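Q: Required output: the full structure, derived from the provided sequences and hints.
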Amino acid sequence: MDTMKTPRRTLTSVLIASLLLAACAGSLDGNVAQAAEPWPPVWQDAALPLDDAPPAFTPPSATSCHRLPAMREVPGGAGQSGNRHLGRAERLERDAMKSDSRAEAKAAPERRDAPAMAAGSVADALRERAPAAVAPAARPSGDASTSFAPEPWPAPPAPQPTMPRPARETVTAGMVDDNADFGEYLAYRQRNAGLPVRERDISERYLLEVTDAQGDPVHDAEVAVQRAGVAQPLMWARTDTAGRVWLHPRAFLPRDGQGGQGDRVLGIAVRKNGVLGRAQLQRGQASAVQVRLGQPVAAQRPRLDLVFMVDATGSMGDEIAKLKHSMHAMAQQIAQLPLQPDVCWGLVAYRDRGDAFLTRTQDFTDDLRGFQQVLGQLQADGGGDTPEALNEALHEVVHGLSWRRDAARMVVLVADAPPHLDYGGPQYDTDMQAALAKGIKLFAVGASGLDPVGEYIYRQIAQYTAGRFVFLTYRDGADPASGPGTQTTHDVKQYSVQTLDRLVVKLVGDELAKLKRT
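In the numbering used here, the protein residues as written are 1 to 518.
Derived by calculation from the structure, the hints in this document are not laboratory data. A hint or two may mislead.
Said to hold, decoys possible - Simulated pairs of lysine-lysine, DSS-like, Cα-Cα distance not exceeding 27 Å:
#1 K506 / K516
#2 K322 / K493
#3 K324 / K506
#4 K506 / K493
#5 K322 / K516
In this text, all values refer to a predicted model and were calculated from it rather than measured experimentally.
A: Here it is as structure tokens:
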């Protein structure tokens with residue numbers, strides 16, 4: 001009897017395993033299931049140690065934003081902490097404190113050496129906890145574009161009585177591209193070493209360029225970077241409208257005490273519409289890697305997913321008023337760009353713990369009028385200390401919105417303060433890696449009073465995601481009340497100045513102009 005039971009048990013085990021494999025295959029994303037080769041390519045079965053495995057993200061999957069504005073809010077716990085809403089006088093005092101803090105940091109660089117050791121120890125401690133790159137999570141069932149039901153928009157807190165404040169009709173801004181002048185950016189980082197930030201080593205940089213069979217740039221191709229002989233990717237990215245991705249191996253390689261120097265060769269796998277391409281990155285040799293896919297990619301009407309990520313604390317009243325005032329004109333100019341993009345609008349506003357809300361989100365919509373109505377209800381209030389809930393807001397932007405496939409994905413951050421690094425939870429350096437994995441570019445606009453820590457962090461996020469650092473300019477750079485002008489207190493060189501709304505339209509136009517035309 002025993003000799004008969006063994007084959008039956010074996011057969012039963014085989015059948016069960018087959019059924020389980022079939023069930024798993026049925027739950028995979030359709031693009032992955034239909035690919036001729038596994039994605040990413042399997043080089044061997046060994047996986048990375050758990051500590052080196054990248055955290056999760058969901059690839060862009062929405063197909064439409066045709067919906068009414070759908071709002072959701074994370075409460076800030078107003079009345080449950082020491083933070084409270086600030087009146088006009090208190091907000092002005094807060095702005096003055098920010099300006100004094102920045103002036104002191106700029107005026108006394110010789111005092112930096114000793115404090116830098118303490119600040120550096122904070123940064124080192126943060127780096128010890130910083131995770132590696134990012135990896136895609138299992139995609140939730142159903143279209144992400146329908147995952148959030150409309151919710152009633154909460155009434156804003158009643159503003160405290162203030163004196164009438166004249167609206168500034170013009171806001172001027174400058175811009176620097178830290179990837180275009182990378183040497184100066186590295187020098188800037190060296191000048192500001194020791195600031196309490198979440199550091200990532202971007203000193204080693206390579207450009208990946210992906211083209212199709214006709215030599216045209218391939219937009220929104222998935223990119224996986226792997227160690228030789230290891231299937232699980234170290235990092236993920238998606239190409240921009242020019243078919244490009246900046247790769248920084250030291251920012252995502254496991255910390256082996258040598259800056260990842262043991263991995264002299266990295267594998268690069270690229271996929272678009274089921275077509276795969278591969279290349280090797282020989283570190284320390286060529287500064288660029290080209291991958292050519294074997295089929296042409298059809299041109300289509302461009303999609304633009306545009307998010308405004310806005311600090312809505314008390315010191316941001318002027319900037320929010322200008323954004324409201326110029327939104328209609330910006331939308332018209334974007335709609336009239338040569339490629340006439342299909343635009344989805346999104347908003348993530350944030351304050352801080354102890355305020356009426358921590359984050360307030362409108363998911364993507366093509367209803368411009370509804371979007372403007374929601375933006376019109378946003379008021380500047382709350383805050384209390386300099387850092388704000390930027391980490392939580394960035395996490396919401398990257399992971400909480402219904403980003404579309406094959407879209408140019410852009411975020412315009414308008415803020416005047418760094419994030420709280422002492423809250424735990426989401427951290428900006430991890431989410432900037434997730435943004436790169438999802439093909440999201442961040443354009444950080446530094447408003448008046450932004451201190452050196454805030455500037456450093458904004459430029460980190462913008463550079464890593466191939467965005468830009470934008471900063472407001474004034475007649476007197478140290479005095480925002482002096483009116484629009486060309487001066488700034490930020491540590492920047494070689495910049496031009498124009499109005500902020502025109503600058504945003506230019507950034508959008510430059511991004512879309514790289515796409516293949518129909």
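Q: Against this structure, judge whether each hint is valid.
A: To see whether the hints hold, each was checked on the structure:
1. K506 / K516: holds, 18 Å
2. K322 / K493: This hinted pair holds, its Cα atoms lying about 26 Å apart.
3. K324 / K506: Satisfied, since the Cα-Cα distance of roughly 18 Å is no more than 27 Å.
4. K506 / K493: holds, 20 Å
5. K322 / K516: violated, 34 Å
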